[in-house]
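Here the protein sequences come in this chain order: V and B.
For the first sequence, the numbering used here gives the first residue as 373, with consecutive numbering after it.
For the second sequence, the numbering used here gives the first residue as 495, with consecutive numbering after it.
Hints in this document: simulated from the structure, not taken from any laboratory.
Be careful, since some hints might not be right.
What the hints assert, rightly or not - Which bits of chain B does chain V cover? Going by a derived footprint, with three or more residues having C-beta under 8 Å, they are: (1) 495 to 501; (2) 509 to 523; (3) 527 to 533.
Said to hold, decoys possible - In silico EDC-like links for lysine to aspartate or glutamate, alpha-carbon gap of 20 Å or less: (4) B:K813 x B:E877; (5) B:K497 x V:D473; (6) B:K813 x B:E785; (7) B:K497 x V:E749; (8) B:K813 x B:E792; (9) V:K571 x V:E749.
Remember, predicted model here, so these are calculated numbers, not experimental data.
For each residue, glycine too, the CB sits at the ideal point set by N, CA and C.
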Amino acid sequence: MSAATGTGRGAERRSGNKLRSTEARLLAFAVVITVFASMLLGWSQGPELPPSAIVTGVALTVIAIVAHLVVRAVAPDADPTLLPLAFLLNGLGLVFVRRVDLAAGSDLATTQTIWTAVSVAAMCGVLVVVPAVRQLSRYQYTFGLVTLVLLVLPLVPGLTAGVINGAQLWIDVFGMRFQPGELAKITMVVFLAGYLERKRALLSVANQRLGPLLIPAPRHLAPVLLATFAALVVMAGLRDLGSALLLFGAFLAVLYVATGRLAYPLLGLVAFAIGSTIAYQLFGHVRVRVSIWLDPWSQVTDAGYQLAQSLFALGTGGLTGTGLGGGRPQDVPFSSTDAIFVVVGEELGLLGATALLVAFLLLVVRGYKISLTARDEFGTLLALGLTVTIALQTFVIIGGLTRVVPLTGITLPFVSYGGSSLLGNYVLIALLLRISDESRGSARGRVLDRAGRRVGSRRAAPAEVGR
Amino acid sequence: MTKQIGRVATFTLLLFGVLFVNLNLIALVQADDLANHPANRRLLIREYQIERGAIVVGEEAIARSLETEGDLRYLREYPGGELYGHLTGYYSFILGRSGLEAAMNEDLIGQPLEVLAQNLGDLLFTRDRAGNTIELSIVPEAQQAAADALEGRIGAVVALDPRSGAVLASYANPSFDPGPLSTHDAAAIREAWEPLRDDPERPLVNRAIAETYPPGSTFKLVTAAAGLENGLSPETAFPDEGTYDVPQTASDIGNFGGGDCADGDTVSLADAMRVSCNTVFARLGVELGDEELIGMAERFGFNRQPPYELTVARSAIPKSMDPPSTAQSAIGQRDVRATPMQMALVAAALANGGQLLQPHVVAAVRDPSGRLLRETGTRTWNEGRFDSQVVDETVADQLRDMMIDVVEDGTGTRAQIDGVTVGGKTGTAQTGGAPTVWFVGFAEDEVAVAVVLPQAGDDATGGQVAAPIARAVMQAALDGS
Chain V
373 MSAATGTGRG AERRSGNKLR STEARLLAFA VVITVFASML LGWSQGPELP PSAIVTGVAL
433 TVIAIVAHLV VRAVAPDADP TLLPLAFLLN GLGLVFVRRV DLAAGSDLAT TQTIWTAVSV
493 AAMCGVLVVV PAVRQLSRYQ YTFGLVTLVL LVLPLVPGLT AGVINGAQLW IDVFGMRFQP
553 GELAKITMVV FLAGYLERKR ALLSVANQRL GPLLIPAPRH LAPVLLATFA ALVVMAGLRD
613 LGSALLLFGA FLAVLYVATG RLAYPLLGLV AFAIGSTIAY QLFGHVRVRV SIWLDPWSQV
673 TDAGYQLAQS LFALGTGGLT GTGLGGGRPQ DVPFSSTDAI FVVVGEELGL LGATALLVAF
733 LLLVVRGYKI SLTARDEFGT LLALGLTVTI ALQTFVIIGG LTRVVPLTGI TLPFVSYGGS
793 SLLGNYVLIA LLLRISDESR GSARGRVLDR AGRRVGSRRA APAEVGR
Chain B
495 MTKQIGRVAT FTLLLFGVLF VNLNLIALVQ ADDLANHPAN RRLLIREYQI ERGAIVVGEE
555 AIARSLETEG DLRYLREYPG GELYGHLTGY YSFILGRSGL EAAMNEDLIG QPLEVLAQNL
615 GDLLFTRDRA GNTIELSIVP EAQQAAADAL EGRIGAVVAL DPRSGAVLAS YANPSFDPGP
675 LSTHDAAAIR EAWEPLRDDP ERPLVNRAIA ETYPPGSTFK LVTAAAGLEN GLSPETAFPD
735 EGTYDVPQTA SDIGNFGGGD CADGDTVSLA DAMRVSCNTV FARLGVELGD EELIGMAERF
795 GFNRQPPYEL TVARSAIPKS MDPPSTAQSA IGQRDVRATP MQMALVAAAL ANGGQLLQPH
855 VVAAVRDPSG RLLRETGTRT WNEGRFDSQV VDETVADQLR DMMIDVVEDG TGTRAQIDGV
915 TVGGKTGTAQ TGGAPTVWFV GFAEDEVAVA VVLPQAGDDA TGGQVAAPIA RAVMQAALDG
975 S
């Protein structure tokens with residue numbers, strides 16, 4: 373192997389090339405699937421292929437090429453599967469948003485295509501601005517503050533877009549509706565990764581006894597309680613159960629990995645359970661959500677309508693689905709945003725829905741792998757937090773639509789219609805790309821290794837010796 | 495941290511596993527229930543994408559589909575209205591389907607429902623799909639005559655072609671118009687439905703096939719058939735008495751209106767039939783025994799369900815009876831009950847040499863291009879130990895002649911048609927309250943008929959009230975076909 377014998381930038385370049393050509397092939401595959409799906413959708417409406425089908429295909433191809441070239445230039449050693457998976461999900465999302473457009477007479481898909489371009493540009497921007505993810509940890513408190521600001525923003529008079537569909541999550545910026553919470557989940561994870569990397573030694577020591585449990589000193593517990601409290605405030609103030617669950621879950625996961633103590637997440641869960649019980653007593657919308665979850669069938673025409681229609685769509689789709697264009701997305705409320713998954717399930721059937729789920733699964737598995745091989749603890753925690761965020765978000769919305777957990781209105785990453793969601797998730801991908809690029813690069817000695825870190829791959833050893 | 499990351503990863507993989515298992519449950523196990531849930535309109539809307547076939551009588555469509563702009567693409571309408579309401583049934587997205595709309599649904603859609611539900615790309619094919627046309631054997635003139643004759647009365651008429659089993663008329667009064675029940679306006683459907691549902695005269699019940707009544711004296715045909723099979727002849731003499739002293743009970747059986755049946759000491763079986771002599775048939779029943787009587791009734795189709803496109807109620811006779819019951823049942827009272835369809839089958843079998851045929855109302859099914867897919871031919875009704883030859887031809891002809899006597903010079907003279915051989919049997923069943931009156935009979939070998947009026951008025955008799963209705967329907971059937 374050339375990488376084993378060569379040293380310096382030559383070997384690095386060759387290895388990067390190989391990764392990037394893998395990425396290019398996978399990207400082409402994702403784009404081709406999207407273009408085919410988009411054509412099939414067009415044909416389901418009539419013999420003439422509508423221009424929108426071609427526009428989507430061309431736009432996505434161009435965006436993919438640009439994204440690929442940027443990554444090749446600024447993060448040549450990054451994981452080659454992330455971008456193709458994001459594009460596959462994003463592309464299918466575009467097709468299904470178009471599908472809902474056809475039923476509803478709207479034109480969200482065009483907006484979403486523009487948002488795709490903007491989001492991919494943002495991804496490239498992050499890759500360029502953040503050459504080393506470590507730099508972010510310096511601004512951890514800033515990110516913590518930004519998180520709070522982002523979460524509170526929808527409540528600020530003058531900015532808020534008001535209560536929409538029972539939740540207050542949006543702001544109006546120059547006539548554009550934006551959901552700052554979608555970015556808050558990323559800034560929160562950055563803050564957490566930085567904070568916990570520093571405090572992990574302190575938090576790992578348990579010297580206080582509480583019943584059968586050994587717990588750390590109360591002042592170190594403060595973050596757990598604070599975060600729990602924040603989650604409940606989000607839930608109550610913004611009426612957003614899904615985001616609260618998501619943020620809190622990601623927090624507990626990062627906390628657990630940082631400290632290695634299972635007591636933290638368990639304590640967090642207990643606190644959350646108590647808090648939720650109180651919230652259930654206090655807030656009507658929480659009670660409604662829970663009652664729909666327990667029994668959607670007695671209220672199919674009112675409160676349980678969305679859940680019942682979601683289950684009908686999936687059930688009617690069966691194994692192979694009704695075919696693209698053959699379903700009835702107009703019967704499912706919020707079919708382009710929250711419920712996009714059931715549109716996929718109805719028209720592509722269990723097989724299509726499973727394929728989508730597997731794409732998410734691959735993305736998540738790659739995320740964990742990046743977390744495992746990250747160059748330093750900050751990178752590990754950051755990658756883990758981001759990955760858990762995507763995994764939980766996928767679980768909460770799909771589980772909600774299929775009655776595994778109470779239904780909450782959050783987006784399916786990359787697939788749902790929504791600019792802020794798309795933007796947030798591409799930024800998330802950018803960070804994962806950067807972390808994976810650093811770890812591979814460092815493994816071959818491109819960047820100096822930090823003390824105590826094990827070295828990723830065997831072929832990297834000679835490079836280190838040579839150093 | 496590696497270990498913890500592994501655990502977090504495992505946990506999330508478990509979550510995905512839960513999603514995956516649950517998706518499979520929904521899409522595979524619960525799929526049928528979900529697809530057919532009343533609040534799920536998907537299958538329904540897909541069904542309404544199909545141009546449902548017409549139901550045709552003569553040259554006229556009595557049910558047909560009209561294209562509309564709505565979500566439900568085709569609207570069902572019923573130019574036949576009340577006249578054919580019980581036959582067509584309704585096709586309503588709220589109430590579901592009834593009548594032939596339900597029974598012949600797969601033909602009318604043009605494919606089995608399971609295929610519709612299965613959906614593998616079938617939308618491309620179903621989009622402009624049309625269902626098959628159903629042609630009925632109904633003779634419109636006879637159907638109209640039945641409706642006219644029953645006007646203002648509760649009752650039902652069934653007319654059959656004895657040679658083929660084809661139903662020529664099937665009408666029950668009051669009827670209903672399926673049109674308003676089949677619109678695409680939920681509020682309008684409810685508004686039309688509720689008065690029908692609450693009407694004490696129960697217009698939604700198809701009395702021609704769905705309800706049983708005491709057959710009264712028309713059942714004497716069955717009793718006589720059992721006697722003739724057991725060696726009697728039409729001339730066999732019975733004691734003519736004002737009351738028959740029923741064994742094992744103090745309640746005796748008298749004749750209608752009291753008195754004897756003839757002038758002498760004895761009366762022949764044929765004369766007893768002609769004047770509908772209760773004492774003779776009650777005695778005959780007891781002498782034959784319950785087994786013979788029940789056996790004969792079952793051979794004619796009692797305690798069995800007639801094979802028919804629509805569901806026919808089972809006509810019934812107890813499986814065993816003591817002598818008092820046997821005496822009562824032999825004259826069609828007590829526990830014997832029959833649908834008009836069943837009694838029409840009895841008359842048709844007697845007009846057809848003792849051969850019991852399967853009734854049918856669907857004559858043919860044609861595809862949208864008019865090509866004949868299926869034709870319903872003459873089918874005998876054989877079932878298990880029951881042979882379609884109910885009685886041998888001699889017995890059938892003897893009974894046939896006795897029925898002709900009834901119309902020529904007996905209780906059924908009001909059924910006479912000039913120049914046509916008509917036979918029949920009247921019935922007036924008294925089971926407390928207003929009597930249920932009947933006429934069953936035939937004209938030539940071309941039409942057999944049964945008429946029932948369950949609340950005919952206090953002194954009504956089958957001969958007075960039911961016979962003219964039967965006559966009108968038979969006449970119309972003869973003229974129409």
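Outcome of the hint check:
Closer than 8 Å: that is the beta-carbon criterion, and the segment 495 to 501 of chain B has 6 residues meeting it against chain V, so the requirement of 3 holds. With 11 residues carrying a beta carbon less than 8 Å from a beta carbon of chain V, the segment 509 to 523 of chain B meets the three-residue requirement, and the given coverage holds. Proximity of the segment 527 to 533 of chain B to chain V, defined as three or more residues with a beta carbon under 8 Å from a beta carbon of that chain, is established by the 5 residues found. A C-alpha spacing of about 18 Å is found between K813 of chain B and E877 of chain B, which places the hinted pair at or below 20 Å, so the restraint holds.
Distance restraint check for K497 of chain B and D473 of chain V: the Cα-Cα separation of roughly 46 Å exceeds the 20 Å cut-off, and the hinted pair is therefore not satisfied. This hinted pair checks out: K813 of chain B and E785 of chain B have alpha carbons roughly 8 Å apart, not beyond 20 Å. Pair hint K497 of chain B plus E749 of chain V holds up; C-alpha atoms about 14 Å apart against a cutoff of 20 Å. Pair hint K813 of chain B plus E792 of chain B holds up; C-alpha atoms about 10 Å apart against a cutoff of 20 Å.
About 12 Å separates the Cα atoms of K571 of chain V and E749 of chain V, which keeps this hinted pair within 20 Å; it holds.
Hint 5 from the earlier list is the only one contradicted by this structure; the remaining hints agree with it.
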